[in-house]
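> What follows is each chain in one-letter form.
There are 2 protein chains.
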Amino acid sequence: MKKDQLKKLLIKIFIKYKLSKEHANICSDALVNAELVGAPGHGLSRLKMYCDRINKKVINPKPKFKFKKISSSITQIDANNSIGFVAADIGIKRAIESARKTGIGLVGIKNSGHYGLSGYYAEQAVKKNFLSLIFTNAPPAIAPHGALKTLFGTNPICFGTPTASKIPFILDTSVSMINRGKIRVAARTGSKIPEGVALDKNGNPTTDAKKALEGVQLPIAGFRGSGLAWMVDILSGVFTGGNHGGKVKDPFDDFSGPQNIGHLFIVMKPNLFVNNFNSRIKENIKRIKRLPKLKGVKEIMYPGQNKFNRYKSNINKEIFIPDAIKSDIEKLLN
Amino acid sequence: MKKDQLKKLLIKIFIKYKLSKEHANICSDALVNAELVGAPGHGLSRLKMYCDRINKKVINPKPKFKFKKISSSITQIDANNSIGFVAADIGIKRAIESARKTGIGLVGIKNSGHYGLSGYYAEQAVKKNFLSLIFTNAPPAIAPHGALKTLFGTNPICFGTPTASKIPFILDTSVSMINRGKIRVAARTGSKIPEGVALDKNGNPTTDAKKALEGVQLPIAGFRGSGLAWMVDILSGVFTGGNHGGKVKDPFDDFSGPQNIGHLFIVMKPNLFVNNFNSRIKENIKRIKRLPKLKGVKEIMYPGQNKFNRYKSNINKEIFIPDAIKSDIEKLLN
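Same order as they appear, the protein sequences are chains A and B.
My numbering numbers the first residue of the first sequence as 4 and each following residue consecutively.
My numbering numbers the first residue of the second sequence as 4 and each following residue consecutively.
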């Protein structure tokens with residue numbers, strides 16, 4: 004299906020599920036974007052889940068956002084159990100506005116839900132020529148170092164910066180060895196996951212995606228990755244007023260209440276300290292790209308470059324929709 | 004040697020090398036602290052290097068700091084090639100003051116040098132009851148993903164938060180598999196380094212510390228760790244006005260000019276968004292600590308806890324000083 008056609012269908016579905024036209028548009032853009040950048044685990048595979056959560060009244064399709072302006076740089080947003088896409092869209096826009104006025108914008112959001120890819124919001128900041136640091140927590144997926152039970156989410160660390168070129172630098176890395184979304188897609192399609200990324204519920208290594216979902220995902224770099232996941236939980240959960248410490252509900256499996264995910268956006272003007280950020284970042288990337296390369300490496304890529312290339316190559320192609328999801332879409336439309 | 008005696012000697016040396024009494028005190032505290040927390044790679048093993056750099060006029064012992072106040076939250080500091088400890092001490096204090104007034108403090112420092120452990124400055128913020136994110140770059144040690152040559156420093160990511168207990172949560176993790184300081188200590192003492200943390204100059208795995216110093220340190224988690232190192236280089240170098248993209252000089256080997264390291268401090272009030280941060284962070288840590296544990300694990304530790312325990316157990320003990328460093332100290336005193 005072409006992206007515009009898909010977007011129209013998604014808008015129709017979200018409006019049927021009581022979102023405003025504006026909010027339906029935001030959510031549809033985010034889902035289509037996830038498919039185009041090659042992150043289907045954050046795309047259509049979640050559509051039915053969002054609609055189910057609206058049906059079960061654990062996502063509020065008509066949220067009333069409460070803004071608490073703490074200073075000209077700092078705002079807290081209570082997202083009133085909004086779908087995460089809308090809360091994050093409002094949050095990043097507010098952080099950008101604050102940074103435009105004061106040099107730095109800080110927005111903490113509580114009572115939100117899963118918002119897809121952090122990089123999608125960093126990209127908004129880059130397009131307006133701002134740096135950003137973005138943190139969000141997520142349902143338990145990774146065991147803290149030393150623990151036999153999952154508690155941290157895949158808790159991405161996201162950083163974006165303008166590059167003085169049309170391809171933004173966007174690092175959006177979960178602190179697990181593999182994205183939970185990818186495991187979920189593998190479980191749905193019956194494919195294997197790589198070795199060394201997950202344990203089953205008894206603590207044994209597994210390549211079976213379903214067993215991995217019941218078990219434990221491994222953090223990157225042991226104690227270090229575990230510490231980074233903990234940092235993200237504190238910044239996006241403890242600090243903002245959102246759920247934390249393993250209390251964020253799995254959106255697919257737990258309909259006993261809203262997720263109350265927290266997000267934290269820090270946005271900064273690139274020319275705060277220097278008047279030639281563009282030439283500095285260009286020079287930085289150039290120096291790294293011209294290093295001698297490992298055998299078989301054509302180009303040293305910066306974070307976000309591969310994603311941009313995938314987006315560009317996919318934008319006029321048909322978006323592949325697995326049969327299970329096609330049938331979801333049909334049911335949701337009728 | 005007991006810590007107070009050691010500190011007196013260090014102050015004497017730094018004053019002999021033309022630092023003010025106040026600056027000598029700051030530097031000596033930082034070096035003694037590194038020894039006490041069990042990070043000798045950031046301690047006495049660097050003393051002679053600092054003095055040599057002062058002698059060669061690539062560290063300025065009498066820096067004139069230039070402050071550029073960008074807003075009530077944001078300051079840039081030109082450290083005038085100060086020793087890093089002093090620049091960082093001034094920087095974190097300024098960031099704390101800004102955060103006290105406005106909720107958030109952002110300080111970018113350029114023309115600084117190696118400042119030891121990021122966690123040491125995060126600890127200052129925690130003691131005043133603030134959260135902090137701290138970034139600094141460093142001389143080339145890690146190869147970017149896909150490259151055959153080092154360019155990124157070990158570029159630590161540091162995050163600190165009050166915990167409502169006397170033991171702060173301080174994550175201070177380099178994005179290399181091992182700290183360069185540890186390899187340096189191993190090279191000086193002739194001990195081996197672990198497997199899988201470094202390659203020699205030809206790209207072959209090595210456990211020989213000297214060969215590792217000539218070669219490449221491996222980042223954590225491949226492309227992810229490389230991306231995190233790149234992020235730190237941009238935030239602390241490109242953004243602040245410091246050197247970046249592999250231009251930070253190795254302080255031990257390159258006396259052709261000052262290092263011009265950049266640092267970035269972000270400090271935030273814990274109660275910006277919630278009025279019960281203390282009870283929330285306490286609950287967060289409690290939930291994680293009471294998870295079922297892996298075999299052999301007595302307690303799930305949060306970042307900073309081990310370091311604090313080492314500090315506490317070392318504080319009244321003799322600080323072990325290897326012979327090579329004893330002889331450095333004697334020469335520097337005479």
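These are computed hints drawn from the structure, not numbers from a lab.
All values reported here derive from a predicted model rather than from experimental measurement.
Among the hints, a few may not be true.
What the hints assert, rightly or not - In silico DSBU-like cross-links for lysine-lysine, where the CA-CA straight-line distance does not exceed 30 angstroms: (1) A/K289 with B/K292; (2) A/K213 with B/K204; (3) A/K11 with B/K292; (4) A/K51 with A/K289.
To be verified - These stretches of chain B come out as covered by chain A in the derived footprint (C-beta under 8 angstroms, 3 or more residues): (5) 75-84; (6) 159-167; (7) 170-177; (8) 241-249; (9) 296-302; (10) 319-332.
By construction, the Cβ of each residue, glycine as well, lies at the ideal position given by its N, Cα and C atoms.
> Counting residues of the region 159-167 of chain B whose CB is closer than 8 angstroms to a CB in chain A, do you get three or more?
holds (count 3)
> Take the region 296-302 of chain B, compare each residue's beta carbon with every beta carbon of chain A, and decide whether three or more fall closer than 8 angstroms.
Three-residue rule met by the region 296-302 of chain B, so holds; n is 4.
> Are three or more residues of the region 241-249 of chain B within 8 angstroms, CB to CB, of chain A?
holds (count 7)
> Under 8 angstroms between beta-carbons, do enough residues of the region 170-177 of chain B, three at least, approach chain A for the coverage claim to hold?
holds (count 3)
> Tell me if the straight-line CA distance from A/K51 to A/K289 falls inside 30 angstroms.
44 angstroms, violated
> Do at least three Cβ atoms from the region 75-84 of chain B come closer than 8 angstroms to Cβ atoms of chain A?
Answer holds; 3 residues pass the 8 angstroms Cβ test.
> Compare the distance between the alpha carbons of A/K289 and B/K292 with 30 angstroms, and conclude whether the hinted pair is satisfied.
With Cα atoms ~45 angstroms apart, A/K289 and B/K292 exceed 30 angstroms; violated.
> For a C-alpha distance cap of 30 angstroms, please report whether A/K213 and B/K204 respect it.
43 angstroms, violated
> Hint check: A/K11 vs B/K292, CA-CA at most 30 angstroms. Holds or violated?
48 angstroms, violated
> Are there three or more residues in the region 319-332 of chain B whose C-beta lies closer than 8 angstroms to some C-beta of chain A?
violated (count 0)
Hint violations for this structure: numbers 1, 2, 3, 4 and 10, all remaining hints satisfied.
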